[in-house]
Each structure stands twice: as C-alpha cells, then as structure tokens.
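Listed here are the chains, written in short residue letters.
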Amino acid sequence: MPNLEHSAYPAATLLHLESLVPCRESQVSMLLSIFGERQQLSFPSIFIYGHTSSGKTYVMRTLLNTLQLPHVFVNCVEHFTSRLLLEEILIQLQNRSSETKEAAHVPCDTFNDFVRLFKQAIVSQDLQDETFYIVLDRAEQLREMEANVLPAFLRLQELTARNVTVVLLSEIVWELFRPNTGCFEPFTLYFPDYSIGHLQKILCQNHPPEYSADFYAAYINILLGVFYMVCRDLKELQHLAALNFSKYCEPVVRGEANERDTRKLWKNIEPHLKKAMQTVYLREISSSQWERLQHDEGEAGQLKGLSAHAHVELPYYSKFLLIAAYLASYNPVRTDKRFFLKHHGKIKKTNFMKKHEKTSNHLLGPKPFPLDRLLAILYSIVDNRVAPTANIFSQITSLVTLQLLSMVGNNDQLDGPRYKCTVSLDFIRAIARTVNFDIIKYLYDFL
Amino acid sequence: MSAGSVSKGCFVFKPSPKKRKVSQKTADYFREGNSDAEDSELRFATCQSLWKHVKLEAEQIEEDLNKQLFDNLVSFLRRSHSEFQEKTTEWNCRMKSREIPTAALVLGVNVTDHDLTFRSLSEVLQNRVTPYVALLQAKDCPGIKNLMQKLLGQLMNCYVDVDSEEDDYVQTSQNRIRCSMTSLITWYESVTKKTDFETPSKKRTSSRHWQSPPVVVIFKDMESFTTKVLQDFIVISSQHIHELPLVLVFGIATSPMIIHGLLPHSVSSLLCIELFQSLSCKEHLSTIIDKVLLTTQFPLKLSEKVLQVLINIFLYHDFSVQNFIKGFQLCIVEHFYTQPLSVLCCHQEEVKKRINSLSHNQCENIRRLPSFRRYVENQTSEKQIALLTTDGFLKETVQQLLEDLNVYHENYFPVLRCLHVFTSSLPKYPLGKQIRELHCACLENRVWETEEYESFLQLARMLNKCDLVTMLQKCVEILVSSPGKEFDKTVEKLKEFLTQFQKLEVAEACQERDESVSSQKELQKKTDLYHLQKTLLELKESRRSKKLTKFEMLRFEVVDYIDSIVRNYLVPADHKTLHEIVYFNTASVLREHLNAAPRVALHTALNNPYSYLKSQALRSDGGSISNKAPDICIVYKLHLECGRLINLVDWLEAFSTVVTAVEGPNADAPSSDQVDDVIHARFIRAVSELELLGFIKPSKQKTDHVARLTWGGC
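So the protein sequences, as listed, match chains A and B.
For the first sequence, the UniProt record's numbering assigns the number 447 to the last residue and increments by one with no breaks.
For the second sequence, the UniProt record's numbering assigns the number 714 to the last residue and increments by one with no breaks.
Calculated directly from the structure, the hints in this document are not laboratory data.
Careful: at least some of the hints might be erroneous.
[To be verified] Below, a list of computed lysine to aspartate or glutamate pairs in the DMTMM-like style, where the Cα atoms sit at most 20 Å apart:
{"id": "1", "chain 1": "A", "residue 1": "Lys319", "chain 2": "B", "residue 2": "Glu223"}
{"id": "2", "chain 1": "B", "residue 1": "Lys145", "chain 2": "A", "residue 2": "Glu171"}
{"id": "3", "chain 1": "B", "residue 1": "Lys702", "chain 2": "B", "residue 2": "Glu641"}
{"id": "4", "chain 1": "B", "residue 1": "Lys145", "chain 2": "A", "residue 2": "Asp109"}
{"id": "5", "chain 1": "B", "residue 1": "Lys228", "chain 2": "A", "residue 2": "Glu171"}
[To be verified] Examples of chain B residues toward chain A, derived with CB under 8 Å:
{"id": "6", "residue": "Lys145"}
{"id": "7", "residue": "Thr227"}
{"id": "8", "residue": "Val229"}
{"id": "9", "residue": "Asp232"}
{"id": "10", "residue": "Ile236"}
{"id": "11", "residue": "Gln239"}
{"id": "12", "residue": "Glu243"}
{"id": "13", "residue": "Leu275"}
{"id": "14", "residue": "Tyr316"}
{"id": "15", "residue": "Asp318"}
{"id": "16", "residue": "Phe319"}
{"id": "17", "residue": "Pro572"}
{"id": "18", "residue": "Arg599"}
{"id": "19", "residue": "Leu638"}
Note that the Cβ used here is the ideal one computed from N, Cα and C, for glycine as well.
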C-alpha cells in the first residue's frame, strides 16, 4: 500500500492520518495531491460519491481536522433551505477563530449576498492566503433548492475570487446532478465499497480494552460471516458487534472456555446472531430491549416484534368497506356482474375466463376504482341493509387517513373520487375472517 | 385544562362548547321554542349538573384506564437517556451507534379520541418528566420547514411559560429565530444551564424534572405524515442526539408495521423503537357503560332502543368512546328539554322537595303519562278518582312510585350482573357475551320469555359443579357489595346452596364409585353375546330413567332459583310506572342527529318536495311529476329516468312538456316546436343547480350530453 507522501506536511502527521483512515489511503493521497500546498489554489469543486458508509464524511472530516486546514462542514439535510445553508456556512466561518459564539447574525437571502459576505468574512478571518474548504454533506439535497445554488457553489472560487474549494459529498453519481443549463464540471472522485477484508480490518481496530485483539478479531469474523450477506453498512455492523459482544464473551466469563476455544465460542454465538438478524437488525425489537433480553437470559419469544402486531381492529362497516375496496381494486369491472348479481345469466365460468388476460391481478397491483363501485359492492356484500349515512362516507375518509385506502388522482370530491386499496391479501383475509366473509370466493384471481 | 396548568401557552384549547351553555342565553333557549316550559330553569340546572357529573366520571374512568400505559411510557422515558448519561466512557456505549429512543404508541383506529389521550399524556409528561413536550400534527407539517417551525415555537414558548418571563417571549417570537436544529440546541443548553443555578423560588419546577430533561416530540398521527418529512427530521435529529436528548413518540392508529412502511431501513435503523399499546376501545366502552349506565349513580337511564343506537354507531361506524359520551350528552339534553317531567329526574333526596313544588300543569302532565294511566286503571275506583282529581294525593303516590322505581333499579343492576356471570361463561353465549347485550335484552321485553333465555336455562342445567360453585360465589360477592336492601335473603339462600355443594362432594364421590364398580362387575360376569347385549340395554334403560343424583337435583334447584330471581327483578323498565320520567327513549331523534343520511335527505327533498315545503299543491300521488314543484325537483325527477349519459335536448323537451302541461290544452299548438326562452333559462338554471349539488357533470364523451354521477332510478 502506498504511504502518504506530501511535501507540504510533516511525515509524522501524515503517518497519523494514515492510521486514522484505514483502507482509504489511495483516495486520501489523491485528495492531498489535488489540494496541494496550503497557499496553492486548489481545484474549485470536488465531487465525492460512494455508497452508504464508504467513509466519505469520515475521511473528509479526518483529513481536514488532522491537517488543520481551514474548513466548514455543513449537512444539507439539516439546512434544508438555501438561506439556512448559506447562513450556516457564514456562521461557522465567523465562529472559527473567535471563542465567543455571539457573532452578529447576518441575514443572507440570496447567493449574491453570500458571495459578498463570504469575501468579507474571509478577509476578517485572515484566510486570504490559504485554501478554504467548504464541505457540503448529503449534497443531493442541493438539487431541491433554487436552481442557481448548485452551479454557484461549483464556481465559488471564480465568483468570490478567493482561494476556496467546495467539496460535495453524495451517495449518487454526478450524472444525476448535472443541471440542464450546464455548469462547471467538478472533479469527481469515487469511494468504492469496503470489501469484507476492509470491514474486518476496520472493525477490529476498536477492540474492547479488556480483551485481546485476536479474540475480538475472531468474533468479528463470525459476525461478518452471519451479517455480511445482508448488511455492509459499517456503522450498523459496528453497532451489532457492540450489541452482541457480551453474549460472545459469556463462556469466557463463566470459565467454560478460554479465549482460544473458537469452536465452542462459535457454537454459542451463532444461533444468537441469527436471531439478532431477524429481530434487532430489522428493528423488530429495539436494541435496548435486545440488551435487556440478553441480560435476563429470557427467550426472545416473549417479546413480540413490531410485525407481530399487524392486526388492526376496525368498526364493522369499515371492515366491509375495506373488503369492498379490495374486491374493487383486484377484480376487473366486467366480473362484478358475475360475483354480485344473483342471476348473472349464462356467463359460463370457462369461456368467461378465456376472454381475459391471463396475468394475475395480484401481480399487477391494485387498480383505482370510483366511489360508486365501492358502494355498490358494499351494498351487495353486507347482509343487512346499509343506509348511506354520513358516517359511512366519513369512514371512507378515515380509511384514507389510515392509509388503508389511498385517493387517486384529483381531489375534487364532486367529480367522483377514485380510490385504491393498499392493504395486502393476508391483511384483508384476516379482516374478512373476523366478519365470516369468504373473500377468496369473490376474487377473480382465485376462481 | 385548568388555567393554572403548566401547559397553558403550549396548547391551544378550543373554547369548549359547554362553557357557552352556562351563559344565561342557553338557559333561555332551553325555555323558548318549547311548548312545555314548565320548570325549565330547574330542568336546565339539573341537566347541567348531571352532565357535569357524567363528564367527570368519564374522565376519571379514562384516566384510570390510561394510567398503566402512561406509567410504562414514563418509565421508558426515564430509561431512555439515563443510560448514556451514566456510562459514556464504557467501550460498549462508545461503539454502539446512538439511536433515538422512540415510543410507538398504538392507540387504535378511533382517531378522534386520540386528541384527549395526547392531551392527558402531555400533561402527565409535563408533570412528571419534562417541561419540554411538543405535539405535532401532520396537517401542520407539510414540509420539514413547517415542522421545525412548529417544534421550535412550541418548545421555546413552553420554556418561557414555565419561568413566566414575558420579556423573553417577545424577543424569541417565532419569526426572529432561525428554524434550525442548531438554534434548538443552543436554546436547550441555555435553558438547562439556567435551571442549574436556579433561584429557590423556581425550585418547584426543577424538582419535578431531572437534571437534563429529555425533549419529547409527539407525532400525533404517524400515518398522515409524509415519508420525506419524517425521514428528514429523524436524520437531522440523529446527528444531534448527543447534544439534545430527544425522545420521539409516534401515535399510531393502525399497526406498528406502518413504521417500516414509512421509513426505509437506513432511517429506521437510527431509531430505538419500543412498542406501547393502549387498551382496546371496546374495553374502554364496556367500562364506560358499566360505570356510567349500569349504576344507580345517575338518575337518567337510557331505553333499549336509544342504547342500541349509541352502541351501533360505536361498533359499526367509529369506535369512538368520545362520540359515545357525546351521544349520551345529547340524550341528557334532549330528555331534559323535551320531557317537562324530567324535573323529577334527580337524586332521591331531592325528589320529595321537587314533587311538592309541582304545579297543577305538571300534575296533569303526570296524569297523561301512558304508564301512569295504566297504573290508574288498575286501582280501585275511589282511588282512581282521587288520583285524577286531587293533586296532593297524586303527589304522594308519585313519590311512592318514584321510590319504587329507585328500589327497582337498585335491585335490577346487581341481579343483572349475577345473570351475566352465568351467561358469559356458557358456550356460545346465549344471551350475549357483554353485559350491555344482556342489559338490552332485559330492557327490550321480559327476558324469560325469549328463546335465548330458554337455551340459557338448559345450558345452565348442564354446568359442572366446579363452574357452578365459582359462579355462585361470584354472585354472592356481587349481591353483598350492592346497595340493595332486599338481598339478604337471596345471599343467604345462595350461601346455603354453596354449603350443600360442599357437603355433596364427599358423599357423592363414594356413591359414584360404588355404582361404577357394581356395573363393571355385572359386565364381567356375562360372557356370551346375547346376555351382554341384554345387560347393556338394561343399563341404558336404567340410566335413562335413572333417578337424578343429588348433585343434579341441587343443580336444578339452583337454576330454578336463579330463574325466580330473574323473573322477580329483571322486569323490563317500560313495565314500570313513571318510567318515562327517568328513561330517555326517543331513539329516532338520536338517530337523526348522530347518524345523518345526507343523500337520503337530499333525495327526499328533490323527489318529494312536499316533505319539506309542506305546501298542499305539492302533494303528489305516486310517480307523476307535478309542474308546481320547484324547477330543480322536476329536472331531478326527469334525470332519474335517464341512463349514465343524459341528452340535454331531450331533457329540455321533457322539462318544457312538464312545465307547460297543465297550462291548458289551447296553449300547446304554438309552443310545440319552439321552446320558450324563459323555460329555457329556467331549465339551464335548474341543471346548473343539479351540477352544483353533484348529481351530474359535463361529459366529454358525447357532445350535448351530461354524465350522471349517481345511479338507480326512482
């Protein structure tokens, strides 16, 4: 692996930096060579992209902090309007040197103001002869701000005529950023995913002080063996490692095995990790609940996950409304006659089936239907007479707010609103069972 | 809700409609527009106090029911951030990613009731955990910006209110602060720092909360929030969780699965979600009915039909306990408003006074009551005359009758509960699983004449001893704790049954064994087939005609006794004299108000204008269309005869035919080919009115056609 080399910085700092960013040496050295020396003009804008938790933010932050380069670090999700974003940059810039955080608040509404204020701030902070870095994390949010924000940031060096470099961090590729009107093309740099070896190396770096590094490395190995298939998120893996480590140590603590007894330890932890994959990892149960479970040696069965509470209790007519909506969504209109008319004449099942497309409606997803059809089906599936009271109509609306139905298209109530049923077959079957309605018999797909 | 509450500035309380009623104006309304204005002020006052008591009781019940849930939540909140404050140095904690503690609060689909729950929840939190509680509603937060604004506004105002620094309040008025997390954090730091060196006068507030109280953000209706807003908020706050101890509460109406539906894994992995479930609303309703309706505590009672309407609305439509209580309130108001004699519907202690001050008119009102007339008819002739002519005697009798009615209620409810103990544990629940169903059955007519009761008796006669004994014990408990005075004997009798059962136990065991052994022996003796068959037949015969065992005898006795109690005490209320005074029974009024049918009303109005306009000319006979009806009615009736698409020209022709029909046979010759301009204009206007009402809309499928939006003919 190439050691970091740069004439502008002392070797000791670089060595320290290298130890902080394992598996990202090549990217860091690339960045260093772009940055050049402190007083040199750097490339105006750099675009760094890579998958979730491939170390973009971390590397950038470590790099700038370790080398003590002047910079501001802003998250674009947090500062969701351009005004907030620009003001935040200025505030951070002003607060850089002065300890008192009472810098006067300057309103900054437009990019023009920003350029002016930025120039002033650079002068007041005495940063003229150094490259100043602005790092915009989650830069994809910039696309949702005013159209001029992104192009202006890309050309900030030119606009302000100051030595400034804007670094954009994002999870998506540059092609999705490029505005129609064209813009200055930034230097793009890709951070590849960590491989399993990288993950192993990084995770092992932080081993608990009570145990040896080898012991922890063995544990990480087992952990990755279980989780690598589903999760490559470093943060998540680290979290899971911390959650389950105490369980791994248990045999050692109890004296049943020593630290080298890998097989025994593996046997102890493997089923546990598998269970964790189905519960904690999916956030079915929370990590604190998981820890408490471990602590009390309880069975995970006692604690039901979130999906175990799928049952929804609904008023009687709401249930039928939902069933009617489901039928309307998944049955073709032409078949209504067959299902809901008492004397549907001569429509034979066989030639009736032939006419239609063979694809299952359940594969195609729910189709929108008008309110009238919903009510017509409702009246024919409920045994007793249903008066079209205000309550029935308000129930439809509440089903929409509960997101069991969804309104399609225009919101004009007079113009015959159209709905879609958004619940799953399992859900509707559970509902139908409670009112003794055999829904399968009424579904065209299951004829 | 009180003005002195900590939460004063934090929440906007809508001006409660009840307050208006207290004003003199409403009391006047109560009197006006009512033909029977007797004692209206007193009635109004009684109505008010009764409603106040009912409301208090309902609130108390709700509080008790929610207590468990809130306790769990509070302990969760306590736990959530304490862990990190204690051991931040430990390896485990350093390595774990810091998740936002989140409580998923599943409250059931009755969204209308959630407001109250959240209000009391935030009050509880403010009293016990933290002053910093913010309630967010989806409709206020279409974007992350609005959400942050709401959040900051609520939190910062709340802080100002706690310390009541009005000057600060003006300074930090909403538009001045930057709506970002950073300003929230600076605010939080300053607030917590301030409370560190508190002056003693402010000790009260700080002692209730802890050192760094968490900031609780409640999302009232999780389902309605847009995914983006939620995601952004969670991502932002997870970055600052180290500086700001945030706790989220998600109010969920359907199922906790919705969290996974709304949030992608990358976001939900930032949360530490724990589930909390509130009591099901059906149980809540049962408790309300049990504590409010099935007691003698409140003088007003609901008749079977009325109760059925309320329960049906609950079960079929909304699952809302608040609406149920509102419905009950409507019953109270309606009863006191329409029934002049409801002045006597008060507590027993006051009845006497009120009876004595009854006017002559009111006495006449009593005489007019059907139940009282029935009572009079059964009296001797002298007594009849006295009752009908002498007010004094009438008052005495009425007092006696009302006392009887009260005693009837005192006995009715305990016996009802006893009967429920039996019916609720029988297979298939012959008289209903819930006590409210049993109550309705008893109110409707003589319960012992129904088929269900018959099957109940039959099933009860087959109960095993163990069950029977426990049921009897329960009954004894119920009867002992009831206020009724007549139950001493009954309790005695039941206890006697219990001891008899105990005695039986020993004796029966021996007997059974003997019998079985003897028959076994007999079977063993006979070996050839013929004899075996014969003996088996004999055995069967003997079993059929076998004398009942002692236990069976006793069981019959018990069931018969229960039957006799039921017949004695569970007489339907409308068989009682003067039941009209305490029972509200106009279910139709209630249905009209609570379960309105706008479509039906609209159809009636347009199809049969007489029903609303009451003009004799409009009285129609059958399907014919009168030309005296308003234009829109004619147009409406004509359009009922059409299919999905209506040709406007044909429609106009038909309209003009109807309108000009009766204007004389001599007029039809010139008007045949040319439609009068006035008629044309009238037609256009009527059609556009129909369009406004949503019956038709312009169609692009065919020119000169409109589409019908309703279906079905006349």
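Here's how the hints hold up against the structure:
A hinted pair counts as satisfied when its Cα atoms are at most 20 Å apart, and Lys319 (chain A) with Glu223 (chain B) qualifies at roughly 18 Å. Using a Cα cut-off of 20 Å, the hinted pair Lys145 (chain B) and Glu171 (chain A) is violated, with the two alpha carbons roughly 23 Å apart. Distance hint between Lys702 (chain B) and Glu641 (chain B) is fulfilled; the C-alpha atoms sit about 19 Å from each other, no more than 20 Å. Taking the CA atoms of Lys145 (chain B) and Asp109 (chain A), the gap is about 16 Å. The hint holds against a cut of 20 Å.
Among the hinted pairs, Lys228 (chain B) with Glu171 (chain A) is consistent with the structure: their alpha-carbon atoms are about 17 Å apart, no more than 20 Å. Annotation: Lys145 (chain B) was flagged as interfacial toward chain A, and the flag holds, the nearest CB pair being 6 Å apart, inside 8 Å. Here the hint on Thr227 (chain B) is broken, as its CB sits about 11 Å from the closest CB of chain A, past 8 Å. The beta carbon of Val229 (chain B) is not positioned within 8 Å of any beta carbon in chain A (closest approach about 10 Å), and the interface hint is therefore violated.
For the restraint placing Asp232 (chain B) at the interface with chain A, the shortest Cβ-Cβ distance is roughly 6 Å, inside the 8 Å limit, so the hint holds. Interface hint at Ile236 (chain B): satisfied, since its Cβ lies 5 Å from the closest Cβ of chain A, which is below the 8 Å cut-off. Interface hint status for Gln239 (chain B): upheld, as the beta-carbon distance to the closest one in chain A is roughly 7 Å, under 8 Å. Here the hint on Glu243 (chain B) is broken, as its CB sits about 13 Å from the closest CB of chain A, past 8 Å.
Annotation: Leu275 (chain B) was flagged as interfacial toward chain A, and the flag holds, the nearest CB pair being 6 Å apart, inside 8 Å. For Tyr316 (chain B), the interface hint holds, the least distance from its beta-carbon to any beta-carbon of chain A being 4 Å, beneath 8 Å. Using the Cβ-Cβ criterion of 8 Å, the hint placing Asp318 (chain B) at the interface with chain A is satisfied: the shortest such distance is roughly 6 Å. Because the smallest distance between the Cβ of Phe319 (chain B) and any Cβ of chain A comes to about 5 Å, under 8 Å, the interface hint for this residue holds.
A hinted interface residue such as Pro572 (chain B) counts as satisfied when its beta carbon comes closer than 8 Å to some beta carbon of chain A; here the least separation is about 25 Å, so the hint is violated. Checking Arg599 (chain B) against chain A: minimum C-beta separation of about 5 Å stays under 8 Å; hint holds. Annotation: interface hint on Leu638 (chain B) violated; nearest CB of chain A at approximately 21 Å, more than 8 Å.
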